[in-house]
Amino acid sequence: MPYYHSAGAVPPKRHTQHRDEAGNLYFEELMGEEGFSSDSSLLYHRNIPSAVREYRTWELSDQSLVPNHPLIPRHLSTHKIFAEGATGIDAVTGRRLLLGNDDVRLSYVVADAVSPYYRNALGDECLYVEAGAGRVETVFGDLAVADGDYVIVPRATTYRIVPDGVLRIYAIEANSHIGPARNYLSKHGQLLEHAPYCERDLRLPEGPKAVEGEDVEVFIKHRGPDGIAGSVHVLPHHPFDVVGWDGCLYPYVFNIRDFEPITGRIHQPPPVHQVFEGNNFVICNFVPRKVDYHPLAIPVPYYHSNVDSDEVMFYCGGDYEARKGSGIGQGSISLHPGGHPHGPQPGAYERSIGAEFFDELAVMVDTFRPLLLGEAGRATDDGQYAYSWVRNR
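Just add 45 to wherever you are in the sequence shown, counting from 1, and you've got my numbering.
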């Protein structure tokens, strides 16, 4: 994260005695990245954070991945994954895997139940709220969320998701850390003037709650003998027993509507739409914006080959001009794999000439290793998208 923050009760000097009114010591926990060499925060607990009373295996949902073979572009329909009116699903255990590789996994969930307390020990998470509202309760404090919010949750942060009604979430789970694009940051970590958002646009946790409780289950996703595994720890105390914290590592929220699009006289390449990045992948968003204003401009994208990456687009609002006629709509995901040139659907190239504004909302993930198909991706592939560029088929 770009800047320091402090919340609750912390001592004047780190790694020194910090006591409650009765004279009992609080337990200091350093939560840090890259060993002791990168961003970190110090959290002060009422109880020993390492204490575990019981443990068992958490049987994860189907995490299998199969190659995109034969190589074709695909159209996945997230809104077909969950039955209409389905209830009792939570936003952690209910996630269905769409696509993934060794760097990132993309899942989708429609949730109306409170999730268990959860910790991802594999990497950071970026949760995009497609629709609905609720709270992401964390060991650092609560975050109110609603449609259009990205929630960045650092690796090993304990949290749970509490929907207010029904929440639709597109989950981007990394095997690394996720943060603002490096080209947006100064050498000291401040968002620069050319960045499409700044620190004022970020929403931080409300502050620690120092919750009391006993025998609380925490579901943990972690490395296992076959890749990803799950465990459940039963803690003798509540994981949110923190009275204060400070540092530069914490969860935060950024809303897609606060992204200021970069435009030009001719069509701008996808990197101008970047919002976050992880190891071997980037996250971009396409927002409502003025489009190219050269007198001979063609506002939709030119046809392009992703020589080094797979491109995944999650369509989450508006009217996506370049995809008209393909069957893609709200909740659709397109996969354009490396090695296949792609671009606007037939007719979109010509129709876009003279347009001044595009009203579209989409979240894009570009990976630098091939993506494989998860069980939900295989189940919702329409099998027709690869043919959609053939005129009069």
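Hints listed in this document are in silico derivations from the structure and should not be mistaken for laboratory results. Remember, it's a predicted structure, so these values are computed and weren't measured experimentally. Be aware that a few hints might be false.
[Claimed, not checked] Derived BS3-like pairs: lysine-lysine, alpha-carbon spacing no greater than 30 Å straight-line: (1) K58 with K335; (2) K335 with K369; (3) K58 with K254; (4) K369 with K125.
Q. So which of those numbered hints doesn't the model satisfy?
A. When the structure is compared with the hints, only number 1 turns out to be violated.
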